Every structure is written in C-alpha cells, then in structure tokens.
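Trainee: The primary structure of each chain is shown beneath.
Protein chains: 2
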Amino acid sequence: MKKLLMVYAVLLCLLFVYVYNYSRGEKAASNEGGGPLTGSLSEKFVMVTFQSGIEYWKSGLKGFEDAAQLFNVSVEYRGAAHYDAHEQMTVLEQVIAKKPAGIAVSAIDPKALDSVINKAHEQGIPIVLFDSDAPGSNASTYIGTNNRDAGAAAAHKMAKLLNGKGETAVITQPHQYNHQERTKGFKKTIEQSYPEMKVAAVLDGKGDELASKKQAEALLKKNPHIKGIFTTEANGASGVAQAVKAAGLTEKISIIGFDKDKKTLDGIKDGSIAATLGQDTWQMGYWSLHMLFLSSRHFPPDMKTARPLPSSIDTGITMITKENVEAYYAND
Amino acid sequence: MKKLLMVYAVLLCLLFVYVYNYSRGEKAASNEGGGPLTGSLSEKFVMVTFQSGIEYWKSGLKGFEDAAQLFNVSVEYRGAAHYDAHEQMTVLEQVIAKKPAGIAVSAIDPKALDSVINKAHEQGIPIVLFDSDAPGSNASTYIGTNNRDAGAAAAHKMAKLLNGKGETAVITQPHQYNHQERTKGFKKTIEQSYPEMKVAAVLDGKGDELASKKQAEALLKKNPHIKGIFTTEANGASGVAQAVKAAGLTEKISIIGFDKDKKTLDGIKDGSIAATLGQDTWQMGYWSLHMLFLSSRHFPPDMKTARPLPSSIDTGITMITKENVEAYYAND
Chain A
1 MKKLLMVYAV
11 LLCLLFVYVY
21 NYSRGEKAAS
31 NEGGGPLTGS
41 LSEKFVMVTF
51 QSGIEYWKSG
61 LKGFEDAAQL
71 FNVSVEYRGA
81 AHYDAHEQMT
91 VLEQVIAKKP
101 AGIAVSAIDP
111 KALDSVINKA
121 HEQGIPIVLF
131 DSDAPGSNAS
141 TYIGTNNRDA
151 GAAAAHKMAK
161 LLNGKGETAV
171 ITQPHQYNHQ
181 ERTKGFKKTI
191 EQSYPEMKVA
201 AVLDGKGDEL
211 ASKKQAEALL
221 KKNPHIKGIF
231 TTEANGASGV
241 AQAVKAAGLT
251 EKISIIGFDK
261 DKKTLDGIKD
271 GSIAATLGQD
281 TWQMGYWSLH
291 MLFLSSRHFP
301 PDMKTARPLP
311 SSIDTGITMI
321 TKENVEAYYA
331 ND
Chain B
1 MKKLLMVYAV
11 LLCLLFVYVY
21 NYSRGEKAAS
31 NEGGGPLTGS
41 LSEKFVMVTF
51 QSGIEYWKSG
61 LKGFEDAAQL
71 FNVSVEYRGA
81 AHYDAHEQMT
91 VLEQVIAKKP
101 AGIAVSAIDP
111 KALDSVINKA
121 HEQGIPIVLF
131 DSDAPGSNAS
141 TYIGTNNRDA
151 GAAAAHKMAK
161 LLNGKGETAV
171 ITQPHQYNHQ
181 ERTKGFKKTI
191 EQSYPEMKVA
201 AVLDGKGDEL
211 ASKKQAEALL
221 KKNPHIKGIF
231 TTEANGASGV
241 AQAVKAAGLT
251 EKISIIGFDK
261 DKKTLDGIKD
271 GSIAATLGQD
281 TWQMGYWSLH
291 MLFLSSRHFP
301 PDMKTARPLP
311 SSIDTGITMI
321 TKENVEAYYA
331 ND
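These protein sequence lines are chains A and B, in that order.
Residue 1 is where the first sequence starts when you use the UniProt record's numbering, and the numbers rise one by one after that.
Residue 1 is where the second sequence starts when you use the UniProt record's numbering, and the numbers rise one by one after that.
Isolated chain A (complex conformation) (with noise of 0.2 angstroms):
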C-alpha cells in the first residue's frame, strides 16, 4: 500500500509537469503564429512589372520569394505582356480590385500609373515602387537602384576609357523613369566634369537589340567623331556592339551598357563591349517585400508624423568589366 501511494505521488507529480509544460508550450506557439514577424500563406503580396515575359525580372521574383519564405506569406507575380502603359493600368486595376496583402510595382511610366497606385494607397493596400519609380505618386517608398548616380558613375568610367576627350552618345528608354535618370546623369557629369567632352545625341533604342543596332548604326553614318555609347538598358549594349562591329569600329568606340544578361557579359569577355553597370535586382525584390510586409504592421502606435518607411532604399550598382566579368555569369 505504501509503494502503491508513492506510484501515485510520482504520477501526480509527472502530470503536473506534464500539464505545466504543455501550457508553457501552447502560450510559445501562439506567440509564434501571431508573432510580429510570421505572417500567414493566406497573406498575398503581388509583383507587378511590365514585358513581364524577360529574363530581367527573374532574379528581383527570386528576392522577392526569398524575402516570402522569411515571412512565412504568399506571392503572385503579374506583369503587362507588352510595354504597354495601358496595358500596365489594367493589371495593376486587376491585382488592386482582388485586395492583396501588399503591392510591388515597377512603373513602366513615371506619370500614367500614379492614378492607380493612388487607388491602392487610398484603400489602405501598401504599395512600393521598385526598379523604376513614379516619384509622384503616394507611393510607400522607392526600391532600387539610385539611376542619376548610375549614370554619373558611366559618365566617369566612359571618361576614364576615352581619357577626358572625344563625342559620346546615349540610347535609352526616353519614357521611362529609371532611363531618363540614368541619361540625366550621365549628362549632367560629362558636362560638369569633363570640358573635352559632350553627349551628342540621346536616342530612342525601344528597350530593343534590334531597333538599338539600328539607331547605333545611323549615329556613326551620320556623326565619324562619335567615340563611345552609353546603352542605359538590358538589351541596348549587345545590339549597339554589332552595329560598331560591323562599321570595324570595335578599336575605336567604347561602349557601355546597363544590367548583366548573358548577352551583355559575352560581349565584356570578347571585348566588344567595355563595361557595364550590374544592379542587384534580387535586392530590389528582397527588400520590397520586407517593406510591404512591415508596411502593414510593427511600427509603435504613437508615431504621429514619422513616415514608417525609408524614402528610398538605394540597392547599388557594380561596375563589371573584363577583369571581374566572370563571377557574374549564372549568378541570377
């Protein structure tokens, strides 16, 4: 009987531990489900881009994914086939109307899609620009790379490659944010800096290989002094490189392009281009989603008048040339 008694003391005593730990427990894992920082899979956060179709986007898509898979939420990606500002509205419309959790968006025009992105904002959907700004929206904050500062940086390193002298020329996006910043810094710098030297023309490559090819071969038909080319775009550097080589001017023209698809990255290697500035689209994705994901939560009820959000995260640029190009090869 004694024995029998202390049995029973040691189960009373096992269960109240038993009892004492499952309930330390359920308080742990509700504080963990509703935690600040774990969100749940029926939290939808859409990127929204236009061409959604090009390699470009892959790697800010992986960021943003990444950045999901931290917060435990859920992501769709939608885009404008076409480069199409209207068709861009649309989606935008369509992604807005189904109420997501938050709202990524590379404006493919600085202007025509602040009406919409206001409509997010005002139905209380946070909403970041990434990539390319619309710096007159009501927008939450702008992530990507800091474009006028890119284009200064070309400015400097084309003037490094013609040492301080010779005609220069850019072909760009002329519609697009990101593009009409990087020409503006390109040719603010060479103006401000570089007395022998001057943008003589700024043309419209369409975002295209093709239709930049060709503007690049009317330039030197139409302007002999032309000594280097600023490609603010993907696809801009590799159809500039051709009309060079096929003029033989490979020796004589330095050409600089924008962002590391492979094409680009060949043409570093086989010296048919000079350099190019690589951004971090992964960050611009990474970060974006961060952004939405705090936007919506975390920050102290007694901020009256701070803004919750930095005004722009600058993810950087690297200047890739012959002598680093190899590492950058399949590293998106």
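Worth double-checking, as some hints may not be accurate.
Any copy, or any two copies together, can satisfy a pair, since identical chains are not distinguished.
[To be verified] Derived DSSO-like pairs (lysine-lysine); straight-line CA-CA distance at most 27 angstroms:
#1 62 - 214
#2 58 - 263
#3 214 - 262
#4 111 - 157
#5 99 - 245
Calculated from the structure, these hints are not laboratory results.
Everything numeric in this text was worked out from a predicted model, so none of it was measured.
Add chain B to chain A, keeping to what the hints say.
Mentor: Chain B only, in chain A's frame:
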C-alpha cells in the same frame, strides 16, 4: 498486484506522452532560437555615437530598441561623451573587443574612424553607419538622411523665401561628413539654379548654440547684405536667431535650421526661424538594427557576388514650417 501493474502502465504511457511532447517542445524552441527572424537575448547589438548625452540620439536609440524587441535581441548604447574623434575611436575599439553581434555607428569624422570600422568588418562583426557616414570604410551600408539632397531642399526653400534673390551664408560643422554634404548640396543648388543668389560665407558653428550665435553676429557686422542663413545642425538655428534678433533683423533675414529639437520648433512657432529640415532619426536606429540582424543570417548561400545589404537607405526629410510645426512637438 493487477492494480499496481495498471498504474505502472498508465504511468509509462504518461511518461511517453510527456517525453514526446517535451522533445517536440525542444524542437520548437530550438527552431525559434535558430529560426529566421528571431534571435536570442544573448545577441547584443551596440549603438555607438559621439556627444552621447545630447537629446538628439534618443529617438534613434528608441528605433534601435524597437527593432531589437521585434527580433528578441539585446541592445547597448555607447558613445564618446565629447565631440572628439579619438575618444570615439577608443570607445569603438572597446566595443569591438567584446565581440558584439553587430555595431551601428554614427561617425564623427568621415575618415578618422575608417581603420577601426574596417577592423570590425575584418573580424566578421556586422557594422553599419547611420546618421553620419564614413563612405571610405568597409561598413556594409549607410542608413540616414541623404544629406546632399537635404542641402538641395534647403536651398530651394531658401530661394522661395528670398524670391530667388540675395546673399546667403551657411553655418555648419565643417569636419563631419553629413554636414559637409548638406553644405555642398546647398551651395551647388544655389550656384546652379539661382543666378541671382550667392553663398557668401561658410562658417564653423561648432555644433553649439553660442558658437553659432557668435559666428552670426560677426557675419552680420561684416556683411550687411546677408538675407538668409542656413544652419546645418540642431543647435545652430536658435543661436543664429538670437543674433539676428539682437541686430533687429528678424524681419529681414530668413533662417533655415536642421532637425526638430524644441528650441528650433519654438523659433518656428514664434517666427524667428522660417523652416527646419526634420530627419527621421527613429528610422535610422530602426533600420540599422534591422540591417545588422539580417546581415548575419538569412541570405541565400548561393549569392556569390551580390552585396547582401543595400548600398544606402535614405530615411528622408520633412520640411517643417509654421503651418505644420505643431505636429512635431513631443513626437520623438
């Protein structure tokens, strides 16, 4: 005997359930500790400033603490008591010796601290700059106001106040990077955009109300054409306002200050200071801890060349004038 056996059986069952649950709990707990967005209180993140006693840092430290709470990590506040680069270097050395989980430092000097900052970086201690950058160091990122842009915004505001005409002066701290940038942004913008304006003098206010007042007194005696004064730091504007008032020129000279300490806000309210540029110091601390925490984990291992952190985070500025000054009292 049968009863006793049954009791043992129940006991064994319970023990089994208990052990099973306990091990699950262990797993959850260890997952929590090593999980992507939860740290442990043994991870200490240190904020290092200079003139560490001034009110200016309070809001940044609050942001640092708020983010630490989110990630369940600890913070410590350290700083040089005086405006002394050597003292700050010593403090930073002491902090590094303790091998903290990360360091956020506001650099009193853009170059003097480079070697100590790089030492932390070499030892694998995440280190970021906030508020005042050391752009030549190997720190991962800079979080704070884009001070060049802020100086430009002050210039545009000054031009509005003076209808685009007249001589101006800057009272600054000439050895600190953020103040150098503000001065540059102001000067360049006046020179490039306002041909009928001029920056007639750039003076050292030593970050001090009285020193700034004395500089303004001397300036007004020497140059009766001054129509506007831009002070690049928190203590300057109220000192300059006293000098201007004593000279009976309050109606004739427009003062633009920096930051939103009480004296400056009072000056805006009573009309002796025209405007001030409010920084979001809470965000500086908040995102500093964020970047430090994330830089030590959570980046995909397959990233070879991409930088893990943004090049910089611009926490933005707000133009504070008589119209909106009330909202900024007691907000930090």
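Trainee: Are the hints correct? Go through all of them and say.
Mentor: Each hint, compared with the structure:
1. Taking CA atoms no more than 27 angstroms apart as the test, residue 62 paired with residue 214 passes in neither setting, with 34 angstroms inside one copy and 57 angstroms between copies.
2. In the homo-oligomer, the alpha carbons of residue 58 and residue 263 lie at most 27 angstroms apart inside one protomer (16 angstroms), although the nearest pairing across protomers, at 51 angstroms, exceeds that limit.
3. For a Cα distance limit of 27 angstroms, the shortest separation of residue 214 from residue 262 inside one copy, 21 angstroms, qualifies, whereas the shortest one across copies, 61 angstroms, does not.
4. Taking the closest pair of Cα atoms, residue 111 and residue 157 come within 27 angstroms of each other only across two copies (25 angstroms); inside a single copy the shortest separation is 31 angstroms, beyond that limit.
5. For a Cα distance limit of 27 angstroms, the shortest separation of residue 99 from residue 245 qualifies neither inside one copy, at 51 angstroms, nor across copies, at 55 angstroms.
The structure fails to meet hints 1, 5 from the earlier list, while all remaining hints are met.
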